[in-house]
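Participant: Spelled out from the first residue to the last, the chains are:
6 protein chains.
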Amino acid sequence: MRVDGRRNDQLRNVKITRNYTKYAEGSVLIEVGDTKVICTASIEDKVPPFLKGTGEGWITSEYNMLPRSTQTRKPRDISKLKIDGRTMEIQRLIGRALRSVVDLKAIGEKTIWIDCDVIQADGGTRTSSITGAFVALVDAVNKLHKQSPFDVYPIRNFVSAVSVGIVKDIKILDLCYAEDSMAKVDMNIVMTDEGEFIEVQGTGEESPFSRKDLDELLALGEKGIKHMTQIQKDVLKTDCLWIGTGKR
Amino acid sequence: MRVDGRRNDQLRNVKITRNYTKYAEGSVLIEVGDTKVICTASIEDKVPPFLKGTGEGWITSEYNMLPRSTQTRKPRDISKLKIDGRTMEIQRLIGRALRSVVDLKAIGEKTIWIDCDVIQADGGTRTSSITGAFVALVDAVNKLHKQSPFDVYPIRNFVSAVSVGIVKDIKILDLCYAEDSMAKVDMNIVMTDEGEFIEVQGTGEESPFSRKDLDELLALGEKGIKHMTQIQKDVLKTDCLWIGTGKR
Amino acid sequence: MRVDGRRNDQLRNVKITRNYTKYAEGSVLIEVGDTKVICTASIEDKVPPFLKGTGEGWITSEYNMLPRSTQTRKPRDISKLKIDGRTMEIQRLIGRALRSVVDLKAIGEKTIWIDCDVIQADGGTRTSSITGAFVALVDAVNKLHKQSPFDVYPIRNFVSAVSVGIVKDIKILDLCYAEDSMAKVDMNIVMTDEGEFIEVQGTGEESPFSRKDLDELLALGEKGIKHMTQIQKDVLKTDCLWIGTGKR
Amino acid sequence: MRVDGRRNDQLRNVKITRNYTKYAEGSVLIEVGDTKVICTASIEDKVPPFLKGTGEGWITSEYNMLPRSTQTRKPRDISKLKIDGRTMEIQRLIGRALRSVVDLKAIGEKTIWIDCDVIQADGGTRTSSITGAFVALVDAVNKLHKQSPFDVYPIRNFVSAVSVGIVKDIKILDLCYAEDSMAKVDMNIVMTDEGEFIEVQGTGEESPFSRKDLDELLALGEKGIKHMTQIQKDVLKTDCLWIGTGKR
Amino acid sequence: MRVDGRRNDQLRNVKITRNYTKYAEGSVLIEVGDTKVICTASIEDKVPPFLKGTGEGWITSEYNMLPRSTQTRKPRDISKLKIDGRTMEIQRLIGRALRSVVDLKAIGEKTIWIDCDVIQADGGTRTSSITGAFVALVDAVNKLHKQSPFDVYPIRNFVSAVSVGIVKDIKILDLCYAEDSMAKVDMNIVMTDEGEFIEVQGTGEESPFSRKDLDELLALGEKGIKHMTQIQKDVLKTDCLWIGTGKR
Amino acid sequence: MRVDGRRNDQLRNVKITRNYTKYAEGSVLIEVGDTKVICTASIEDKVPPFLKGTGEGWITSEYNMLPRSTQTRKPRDISKLKIDGRTMEIQRLIGRALRSVVDLKAIGEKTIWIDCDVIQADGGTRTSSITGAFVALVDAVNKLHKQSPFDVYPIRNFVSAVSVGIVKDIKILDLCYAEDSMAKVDMNIVMTDEGEFIEVQGTGEESPFSRKDLDELLALGEKGIKHMTQIQKDVLKTDCLWIGTGKR
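Chains as they are written, first to last, in UniProt numbering: chain A, 1 to 248; chain B, 1 to 248; chain C, 1 to 248; chain D, 1 to 248; chain E, 1 to 248; chain F, 1 to 248.
Read the hints as simulated data drawn from the structure, not as lab findings.
Computed from a predicted structure; not experimentally measured.
Among these hints, one or two may not hold up.
Since the list gives no way to pick out one identical chain from another, each pair is judged satisfied if it fits inside one copy or across any two copies.
In silico PhoX-like pairs for lysine-lysine, Cα to Cα no more than 25 Å straight-line [claimed, not checked]: (1) K146 / K171; (2) K146 / K46; (3) K22 / K143; (4) K46 / K80; (5) K212 / K226; (6) K184 / K105; (7) K52 / K80; (8) K22 / K74; (9) K171 / K212; (10) K212 / K223; (11) K223 / K237; (12) K110 / K52; (13) K82 / K223.
All chains, please: the whole structure from these sequences, using the hints.
Facilitator: What follows is the structure, given as structure tokens:
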């Protein structure tokens with residue numbers, strides 16, 4: 001029996017609110033249980049130096065936690081003049097995940113900035129960020145598409161993410177903080193709506209895990225992703241109809 | 001006629017939501033028109049070095065804007081390794097404003113961290129931060145008071161803040177961003193519920209102003225503060241009954 | 001009776017030495033009692049990115065205290081990799097004050113850097129910096145004007161600054177450090193020679209102040225500013241004759 | 001056929017030189033093909049603040065590339081005042097990998113610093129770092145053990161790492177740089193000598209991958225790890241006999 | 001004939017003003033021609049960590065140029081978050097020079113901070129800093145000595161510094177900026193009043209120099225040092241009588 | 001008798017390995033006794049801003065010690081966000097030394113980056129860096145020369161460096177760490193193959209030294225340089241034949 005009474009393969013309640021703030025091209029509040037993240041997608045009409053003149057666009061991400069999104073107050077990065085390693089890892093993961101389903105040539109020389117700011121952290125902030133940021137990205141891309149249609153619609157697939165882990169020898173989906181802090185093995189899975197993997201990151205710092213464990217965790221993750229993808233589709237409604245139409 | 005149809009002496013709609021997030025000792029979302037700020041108060045059981053051993057407490061504040069709380073994306077401080085000057089000014093103002101109504105000796109050797117994170121910025125973020133942070137502070141102090149009553153209840157007065165300014169030669173209260181960007185004179189006023197001033201900051205960078213202008217702006221500010229204080233009282237209900245009881 | 005025997009409405013001795021160092025376009029040592037600040041104005045033939053191509057100039061200011069300008073040694077900013085908040089506030093104030101009396105379009109695409117370096121601090125360093133920096137600015141602008149006359153002389157007004165405060169319930173002008181550290185209310189006033197306000201910053205961190213207090217402090221400040229402006233005129237002699245001639 | 005003529009399941013030549021430098025408690029040069037990394041283990045008689053008084057030790061890692069270990073010169077972190085995200089990710093991975101096989105309680109309140117400095121980078125620097133750092137760690141732990149035997153020998157298992165990936169639809173083991181830069185899928189696998197996983201990190205940024213792909217990559221990785229573990233055993237000879245004896 | 005009409009072996013006018021500012025334990029303005037440096041010595045009742053508990057004191061130095069001490073404005077270190085290399089070199093040199101003539105054991109566990117702030121730079125700022133800082137150091141040490149006499153008076157020797165160089169094949173003493181910028185060889189010499197060397201730093205970046213050149217430069221430097229030492233003695237008068245009395 | 005049995009005027013064994021790593025245009029491992037430094041020369045097709053458009057090239061150097069090149073682990077610069085002063089001093093010295101023998105006009109608008117990374121430090125790392133870096137520089141310049149011959153071959157002279165010092169009143173050449181830490185006087189000498197000085201840096205922090213001491217140290221240094229130059233010639237063989245041919 002899990003701390004919040006869920007089945008082992010059950011996600012927490014997921015709520016995605018679009019157009020959460022008014023300035024960003026895409027702006028989403030994603031709530032996964034008590035985890036709450038504001039994800040915005042901002043479009044800038046230039047690219048980083050390494051892409052200048054290539055005709056290609058870029059997607060980059062920044063992740064941050066409000067100081068009191070956590071149980072004890074976490075000092076701001078700027079107070080130490082350093083981004084902490086965990087933050088760096090997460091924002092790189094979010095960026096890779098979104099770029100993997102987008103045709104950057106189709107975007108043209110634009111940068112899409114994805115900002116994920118955690119309002120309240122109760123486990124799974126990185127996976128929630130990916131899931132929510134994808135919806136914000138779709139809204140931002142559609143805004144461009146409506147202004148001036150892309151020749152090739154740039155988003156090829158849905159992408160979402162879930163966590164799985166082993167707590168007291170039981171494999172569970174979508175760990176809340178209480179579970180996460182007891183987990184021996186912890187895995188984050190990013191997948192497309194077609195059941196393919198974008199990223200698999202499993203860590204057994206507390207104790208190594210077997211191939212059989214890994215297989216069961218992957219299966220649990222695939223199940224969770226299917227559910228998460230459906231939630232994205234439900235909230236995007238007809239605004240996701242272009243996704244995949246530009247595949248080449 | 002103002003851009004949003006308000007009277008010159010009229011505040012925007014103000015909505016204060018208490019217990020907005022679950023970990024902080026005090027946590028408030030304040031909305032003043034389209035300006036939205038999360039204000040949390042966090043209690044830490046130690047004080048900065050200069051107060052160690054004095055028996056006195058401290059209140060300090062940090063202010064930050066989410067990158068896309070503004071019309072164009074504002075890079076995070078950490079990306080430039082510098083807090084910008086405006087941010088520094090604002091967080092110092094918030095700290096001073098709150099300390100001015102609190103008996104730091106009564107608090108004892110604790111630090112109360114006030115974090116004001118702007119979710120959406122439409123003018124008046126610094127004054128909204130003060131008004132909202134005060135409510136979060138009351139909740140945090142009451143939490144301590146209920147656990148173990150203070151000999152002297154530390155909060156002596158309500159404190160709130162409003163902006164006033166001169167736009168096209170007309171004095172107006174509570175400027176939204178569109179008004180703020182046209183203002184020749186811009187003033188922030190922080191006052192207690194007893195009609196006394198904590199802080200007056202008026203700037204005529206675009207054009208100097210006369211003593212008569214100043215007097216009219218102060219009068220307008222006093223009016224706004226009265227309204228703002230009432231809103232704080234309404235939302236705090238019986239939880240504000242201790243305020244002022246510990247005055248010495 | 002004040003610590004140094006002055007009347008409540010009396011400035012300390014003010015001495016302004018022009019051409020204090022030899023390289024800067026304008027260079028002033030201002031001494032206000034024991035407070036000593038070197039103010040230089042340096043002209044650079046380019047503007048910050050946000051003004052490029054606009055034809056407008058810019059004035060910006062940096063303020064710093066020598067480590068042993070104060071009673072106990074103050075570590076240099078660079079040793080902490082951070083400008084402290086007070087420094088940031090002051091340098092922003094100096095910049096705003098000077099820009100408010102200058103026609104930046106008339107200057108053309110140049111930046112005037114104002115550096116205020118405190119050699120000895122005995123209260124009132126920020127107001128002394130503004131008063132001294134104005135004289136350095138006039139010298140620098142005149143140097144340009146003599147080389148190649150401006151169509152429109154850019155300086156519209158004199159600007160100077162004084163501090164006022166309440167110490168032991170008495171309102172006094174131009175607080176020295178001993179007074180400043182006992183003050184319950186502390187106010188900095190920046191005004192033009194025409195008696196108009198550029199900036200009013202009053203803080204009652206130690207105790208709130210009434211509207212009547214504020215009015216008396218403003219009156220005291222206006223008196224001090226008149227005196228300070230006269231001192232600037234005396235030291236600039238015929239070099240201030242152009243001031244205001246270019247008003248439009 | 002691979003760029004260097006290897007079979008798909010073949011490691012490059014691996015050479016591990018122990019006692020490479022003279023001061024560190026453990027010091028190894030690992031060469032995997034043209035990739036060369038100096039790995040040192042340094043023992044410090046204190047722990048980070050979060051472990052003080054717990055009786056537990058800590059293992060932490062830093063990774064860095066010499067500026068000209070790469071094809072074009074990579075500026076040093078200090079010149080940008082920032083550790084780049086990739087470096088941060090790698091050093092966190094190395095630390096987790098080594099901690100996972102060490103009984104930190106058995107170590108006592110000591111920190112073991114693992115420094116991995118890349119002399120020449122030809123792909124697989126992070127996996128080579130883990131493999132080499134493990135040998136340096138054993139040497140450092142044995143030095144302690146010989147001075148004063150541990151009650152419980154702290155190293156429970158061998159740990160090593162390999163990369164696998166998909167290049168032109170072919171799964172290959174131990175990618176050199178030329179292969180890595182063409183890979184669609186890239187995976188790093190960290191395992192014990194008992195065939196259990198410590199960390200699995202697979203990324204399909206360029207293109208998603210199927211469950212079948214994942215399974216084949218894992219199998220290839222397991223094969224590589226077996227070989228890598230044997231190389232560690234060969235170079236450690238009788239110095240690895242204690243490993244695992246302290247398991248509880 | 002030199003640019004300012006001096007003989008090749010002639011110092012510029014040197015003026016040392018003691019008690020230049022009022023807070024520092026020692027405070028000197030040294031003027032060497034148009035080069036002006038404020039040198040202060042501040043006493044702190046603690047030592048850096050590496051000396052804690054040893055009973056020994058420390059002398060450390062910081063050097064800085066005001067932004068407009070130079071012909072074109074030099075941005076402040078803090079604006080780049082980096083101390084420039086030249087500054088670092090100079091402040092280390094000043095610290096070493098002063099420590100070399102002081103018995104740090106005799107000082108006890110105190111730190112003497114030497115701050116050299118250049119008001120106007122016309123060549124020779126590092127040597128002027130050493131010469132001026134020595135006088136400030138004597139004043140600070142005497143202040144301690146008068147409060148509570150040292151068992152062993154800590155200053156063993158006078159120390160001063162001069163520059164020499166080769167300009168158009170002529171060896172000259174005490175280069176001003178115009179000479180320095182034409183010099184092929186540039187040397188700084190730090191010596192005691194007993195004619196012994198503390199530091200010799202000669203650089204022929206523009207062109208190598210022979211042993212004969214070196215010998216002539218050293219002779220010129222020794223001559224300059226004798227003069228400089230006399231100037232220090234003249235300004236210190238009877239306050240230098242203790243120097244050397246504590247030698248052991 | 002020296003700690004390692006050498007004569008007072010004897011260098012340690014010196015071994016220079018060219019082409020030590022495969023990417024850099026010049027790459028050398030220099031071993032002087034137990035001191036080991038990797039020196040690379042990297043060519044970049046642009047110059048710093050102050051040289052743009054002048055047709056001149058630049059040589060710059062960075063020096064760093066691996067954390068465990070020393071007896072106790074030295075934290076990386078990036079962990080403190082500061083380059084330490086000693087490092088700064090050394091890298092500036094290396095850059096000056098190499099520039100002094102190179103015709104930067106002949107190089108054209110290129111930057112040659114010299115990286116000296118200390119693998120093991122047993123005294124004399126700065127002098128070894130210069131000696132080794134010179135060889136790497138020759139290899140890099142020759143690579144350019146072979147691709148497209150310079151009109152004027154840019155390297156005018158050999159340059160190498162040695163340390164000398166006074167330990168227990170005896171003057172010795174090429175101090176190892178054990179000697180260096182006991183030395184009262186410490187001097188670094190950089191010279192050309194023609195017996196001219198590039199840089200002389202002597203420090204008597206522990207105790208001043210006489211002119212006679214200085215003369216003897218210089219003689220010892222000259223002797224060491226002759227030997228060092230011969231070692232460079234031996235390792236460069238016919239690849240040094242162009243050196244000096246372009247002198248003008």
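Participant: Evaluate each hint against the coordinates.
Facilitator: Against the structure, the hints:
1. K146 / K171: neither (44 Å within a copy, 41 Å between copies)
2. K146 / K46: within (20 Å within a copy, 40 Å between copies)
3. K22 / K143: within (13 Å within a copy, 34 Å between copies)
4. K46 / K80: Between copies, since 19 Å is at most 25 Å while 30 Å is not.
5. K212 / K226: Answer is both; intra-copy 22 Å and inter-copy 18 Å each pass.
6. K184 / K105: between (41 Å within a copy, 17 Å between copies)
7. K52 / K80: Result: close only across copies, 21 Å inter versus 33 Å intra.
8. K22 / K74: Classified as between; 15 Å across copies, 28 Å inside a copy.
9. K171 / K212: both (11 Å within a copy, 21 Å between copies)
10. K212 / K223: For K212 and K223, both the intra-copy (17 Å) and inter-copy (17 Å) Cα distances are at most 25 Å.
11. K223 / K237: Within one copy only: 21 Å inside, 46 Å across.
12. K110 / K52: both (10 Å within a copy, 23 Å between copies)
13. K82 / K223: neither (37 Å within a copy, 39 Å between copies)
Hint check: violations occur at hints 1 and 13; the rest are consistent with the structure.
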